[in-house]
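Protein chains: 4
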Amino acid sequence: MPGSSFGRIFSVTTFGESHGAGVGVIVDGTPAGIPLATEDVQKELDRRRPGQSAITTPRAEKDRVEILSGVFDGLTTGTPIALLICNEDKRSGDYENLKGLFRPGHADWTYDAKYGVRDWRGSGRASGRETAARVAAGAIARKVLAAHGCTVMGYTREIDGVRAAVVEPDQIERNPARCPDPAAAALMIERIERAKADGDSVGGIVEVVAAGCPPGLGDPVFDKLEALLSHAIMSVGAVRGVEIGAGFAAARMRGSTYNDEPFLEAGRMRTRTNNAGGIAGGISNGMDIVIRAVLRPPASISRPQTTIDAAGAPVTVQIEGRHDPCIVPRAVPVLEAMTALVLADCLLVHGAYRSH
Amino acid sequence: MPGSSFGRIFSVTTFGESHGAGVGVIVDGTPAGIPLATEDVQKELDRRRPGQSAITTPRAEKDRVEILSGVFDGLTTGTPIALLICNEDKRSGDYENLKGLFRPGHADWTYDAKYGVRDWRGSGRASGRETAARVAAGAIARKVLAAHGCTVMGYTREIDGVRAAVVEPDQIERNPARCPDPAAAALMIERIERAKADGDSVGGIVEVVAAGCPPGLGDPVFDKLEALLSHAIMSVGAVRGVEIGAGFAAARMRGSTYNDEPFLEAGRMRTRTNNAGGIAGGISNGMDIVIRAVLRPPASISRPQTTIDAAGAPVTVQIEGRHDPCIVPRAVPVLEAMTALVLADCLLVHGAYRSH
Amino acid sequence: MPGSSFGRIFSVTTFGESHGAGVGVIVDGTPAGIPLATEDVQKELDRRRPGQSAITTPRAEKDRVEILSGVFDGLTTGTPIALLICNEDKRSGDYENLKGLFRPGHADWTYDAKYGVRDWRGSGRASGRETAARVAAGAIARKVLAAHGCTVMGYTREIDGVRAAVVEPDQIERNPARCPDPAAAALMIERIERAKADGDSVGGIVEVVAAGCPPGLGDPVFDKLEALLSHAIMSVGAVRGVEIGAGFAAARMRGSTYNDEPFLEAGRMRTRTNNAGGIAGGISNGMDIVIRAVLRPPASISRPQTTIDAAGAPVTVQIEGRHDPCIVPRAVPVLEAMTALVLADCLLVHGAYRSH
Amino acid sequence: MPGSSFGRIFSVTTFGESHGAGVGVIVDGTPAGIPLATEDVQKELDRRRPGQSAITTPRAEKDRVEILSGVFDGLTTGTPIALLICNEDKRSGDYENLKGLFRPGHADWTYDAKYGVRDWRGSGRASGRETAARVAAGAIARKVLAAHGCTVMGYTREIDGVRAAVVEPDQIERNPARCPDPAAAALMIERIERAKADGDSVGGIVEVVAAGCPPGLGDPVFDKLEALLSHAIMSVGAVRGVEIGAGFAAARMRGSTYNDEPFLEAGRMRTRTNNAGGIAGGISNGMDIVIRAVLRPPASISRPQTTIDAAGAPVTVQIEGRHDPCIVPRAVPVLEAMTALVLADCLLVHGAYRSH
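Residue numbers (the working numbering), protein chains in the order written: chain W, 460 to 815; chain L, 460 to 815; chain G, 460 to 815; chain U, 460 to 815.
Incorrect hints may have been included.
Copies of the same chain look alike in the list, so a pair counts if it fits in one copy or across any two.
[Said to hold, decoys possible] With a straight-line Cα cutoff of 20 Å, these simulated SDA-like cross-link-like pairs (lysine to any residue) come out:
1) Lys558 to Thr765
2) Lys655 to Asp505
3) Lys521 to Gly510
4) Lys602 to Glu498
5) Lys558 to Asn734
6) Lys502 to Cys545
7) Lys655 to Ser715
8) Lys655 to Arg711
9) Lys549 to Glu525
10) Lys521 to Pro641
11) Lys558 to Arg622
12) Lys602 to Ala519
Calculated directly from the structure, the hints in this document are not laboratory data. Computed from a predicted structure; not experimentally measured.
Here chain W stands alone, though its shape is the one from the complex (with noise of 0.2 Å):
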């Protein structure tokens, strides 16, 4: 496959470019009779939407799903499920200065020396925009879940420096920063603002947390759980980094305190601590599963900045468009559905295994 596709047994393909006709996803391997309708996708696309708020890009897309196939009479049929979002507000003539160059810390030059030819509006493939049908895709993957019990949540930990102290589930959709804690959410906000009137943008924290998972989830050695969890995270564009449990603070920890003590808690094993963020052994244990990724600074800032055009020459490139100051509170839907998607397809898979 080579790279539109992800899953064993419950997989999606994407396809789709920023300013082309649209972008969509074709969900193969969703179980059949799983009450579905187009309001369950609708919803989680209108979380990741553009323009929900001052600190997010003005590009008005409404992101309607329309559901082409693999549903009848409101029930799966096992079979794929095309989804597709039209695009809408495409202003293609916004990037016809910056197609001759590339944007610092943008994908144009890599994309060009890989394949020699580029849509260059909008950044085409390589933009966030892509990022609504994995989305869309992931509010099936989370009908999949519910009906076992799993549920996925994700919130802003941190903005520029700006850390949740608390974590108040019924606050993250409250304040555009979709953070848990209210105090920080107001002062991430101020922070984005400032960055946004500086020219500039800043980068940040997401943790997703499932729940409900049951035990034996991952395929080790090479599938274990955190390292599809990874493959998944990752490949969201901005992403620069992935943890489990106590993740780089296990650097400076000692087994001893590492190590989480298992008990019996009504007939389950849990463990006193969650260091291992849910995971032993590339497997689920049952316990909380908590996966955080840093975002880094969106590319595209609207003050000056220096780099070279496609014959070499280096120039000055001021990119207007319509962009994101902080991409991190939109992400969150995002990296939810990517780690829905993943914990889907492991439970099918486990399925195979225990239906034996």
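Go by the hints and put chains L, G and U onto chain W.
Coordinates of chains L, G and U only, in the frame set by chain W:
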């Protein structure tokens, strides 16, 4: 594929348990005509082998590799290369007293939950011994890379909070810590020995640098180079986090700083900084590919720990056996191997399209 | 992958049902820089389209294709190409009376048994309509092959016992039977019309010849070229058998006759006969690749048949709808497409190793 | 995957050459907890083994198999099972005089064309010896199937024009032709001996029947059960055609005859005929799955043949070595194994969705 295979057209499939007949790997997809001798593989295995120094496990495995197929008259034939490493120093008796309980921080419980059956001798399939097969396969990947001028080098960047301040490549293999900074190396060894004396263990960070890779490797959108690398690296048992280029530090950077400025040097695109770690838009850009992984402190420690047995009753466990108080130095060749496997696969996939 | 994807690095994923919104395909892995226009795809679809002649179903689908992604300024960009064909002439009402019973020879019962849920309108996903997506994808595969000088041509070899005695390539598209022997074609059409008048259907044999393929295609041992071709061809609904070169006739040949004698012609290896059908040891040898497939008589016939309903009670069914009394002529472009898909994939995989 | 792996979640990867260290296979994806002993595998290998009778090659390989991993205390553990069969009776010297030329009907030329390098000893990787690994893996697949009440039985249906008129299952293993019709068996053996005396070889047809398979196996549209079976069967060296149920005879049947009439028997759907060969719409329907394959006469014959050498010059070749004048009887366990591998894989994939 249920978990023991990795790679798309340069692919490896491993087998084997810690205390079974041996571990091994089938490497399929190696181009024909590459000179390959047993020594090419053996020299990499010798770097991973236990018992190299006072700070590693005293288990005395010679790790002699045998090439069973795929090589004729000293050249690869394009057919699968099977490599077998027989286990020698097996003391299964060491584990008799552990078979009925779940060691904290180990995969005992999750393997039991997933499979119902478990080879409890030395962690079975979950043992770090499985990585010998990866290192052997990696030696072949290195040969593929070498033919394109690519090299992969890893080293210890941090152990128990002690960080290498300088990178002197020729120092790496000269100290048992595999640290490119001799002064830091001495401190690291001290820390490891102290942890060992305490019946405890310590973690750290490895950095891997791939130099000389051509632009164009990696296949958006799901098989971005960093996604494949993360999958590979995170599939190594003790790894709990992975980052590319600036990595988690990007959370606190602004776009104007993070964006690497391109310039032309001797007809090639270069960037003045390398925050991207050699990858833009999921595709290698010709700069050094830089990846870091955190390794947790090993789970096997000799000080007493509380856990539960198969019946759920609390028990105290004291792990004797022969274990590494710090896995970081021995992980270096493993993480190099995983990096090499991904790059060789990407190089061949890239070749498929370039050949058109 | 749960069934709607095919191909290793040139891969297709289809979706769609007979009476849903439409059918379509994502083609991933097309090399960049290949000129591709809607007409390239449309002209192949027009060959498969219903309603072409008196001997095909009168369902009036225009089968207009739309390219949604992956092409920019008339060239492929290396990113996934999504093709959409909307359904137009849907008369779901025709199927209302069939929804509670299992038509003989159809997939009604097995879809119900497998999925529990079934889109009963016009066979849903099991409809031959799904092959429109394959033909569309095949048009792109042909472009990839053309760049290497390979062509794929199919024709009707036999219908209802009438066999083509000569192969005049320029005659194939000149008669509705797609038979390269005009005299046989007239007889075939007569037989089809007679079956139709009888409320019955007839089967036949298609031969596909791929010319100009380089030696080296196919990947032993499981992905031998004939194995991939058989997989592809047998995945087309009505196909019940497939053979390469001498095929089933080899059962009654001796080795001294079967073995093709090699000789050198203009510096290239040729064989005096082609019993091997262009493939030796699973690898193309540069001779014409010759594959034949048998197509069963279509299951939908208007004469009364006995079957059971969902409760298991015997019922008599008379299928009205709009159906093909013989699918062979319309299967020709479908089997060509499947052949092209396999060859394009093999060509790219081969390139991966040759590029080394 | 570059060709030596087969299967989606029950997958096998083989290695080995005719005259190398040995052949073997890694079977990944076997459910845990299945009793498995070396004898289970050995007894299938013994059926394929050379030297069983006067009509097979006198090469004396004991084909002793060793289980290297994946089994603990007599039970599968869910981890990969590696099986190794060392080569013993290697007389590479027999091939010295053949290394510089291309034997007619063999893969010598194509391997050379594809790989540039070739292990010329006994056909190397292209040798039928590779199928020992398949038979070994098939023995494990049979165990998976047995747990679901499925059995796979093959037999010789035709050799050199002599066809079995009756199928008496208990006769199959009682004659060296593996023919279920003792009278036909005697004739077949006579024909084989005559061909051998003539320095020639003969072909034939094998039929494989899988009984007891549940409805629901196979994954439309590309992984239809007959498509996967055809892939598997056609990947066996000497196979040149494959057909399901009525197969090629369907070309001359009318729909009213071909359509199998469904009826209810003891609460299960059955059909009065089985032209579909147990598969409708790509999915098993609970009837016997019936597949036939044609095997060409072996390429190695002792009578003189004309061919070319590596320089393209015409030469006469006389193949000595130790060869089978008819491969049909020894192919029976190989084709059973391939059928079992596909069915086990489909059963597990099916379980993934049923478990939901």
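Right, here's what the structure says about each hint:
1. Lys558 to Thr765: Within one copy, since 15 Å is at most 20 Å while 62 Å is not.
2. Lys655 to Asp505: Neither: 23 Å inside a chain and 53 Å across chains, both beyond 20 Å.
3. Lys521 to Gly510: Within one copy only: 9 Å inside, 39 Å across.
4. Lys602 to Glu498: within (12 Å within a copy, 40 Å between copies)
5. Lys558 to Asn734: neither (47 Å within a copy, 24 Å between copies)
6. Lys502 to Cys545: within (16 Å within a copy, 26 Å between copies)
7. Lys655 to Ser715: between (45 Å within a copy, 12 Å between copies)
8. Lys655 to Arg711: between (36 Å within a copy, 15 Å between copies)
9. Lys549 to Glu525: So Lys549 and Glu525 pass the 20 Å test inside a copy (19 Å) and across (19 Å) alike.
10. Lys521 to Pro641: The answer is neither: 28 Å in one copy and 56 Å across copies each exceed 20 Å.
11. Lys558 to Arg622: neither (38 Å within a copy, 43 Å between copies)
12. Lys602 to Ala519: neither (28 Å within a copy, 37 Å between copies)
Of the numbered hints given earlier, the model fails hints 2, 5, 10, 11, 12; all others are met.
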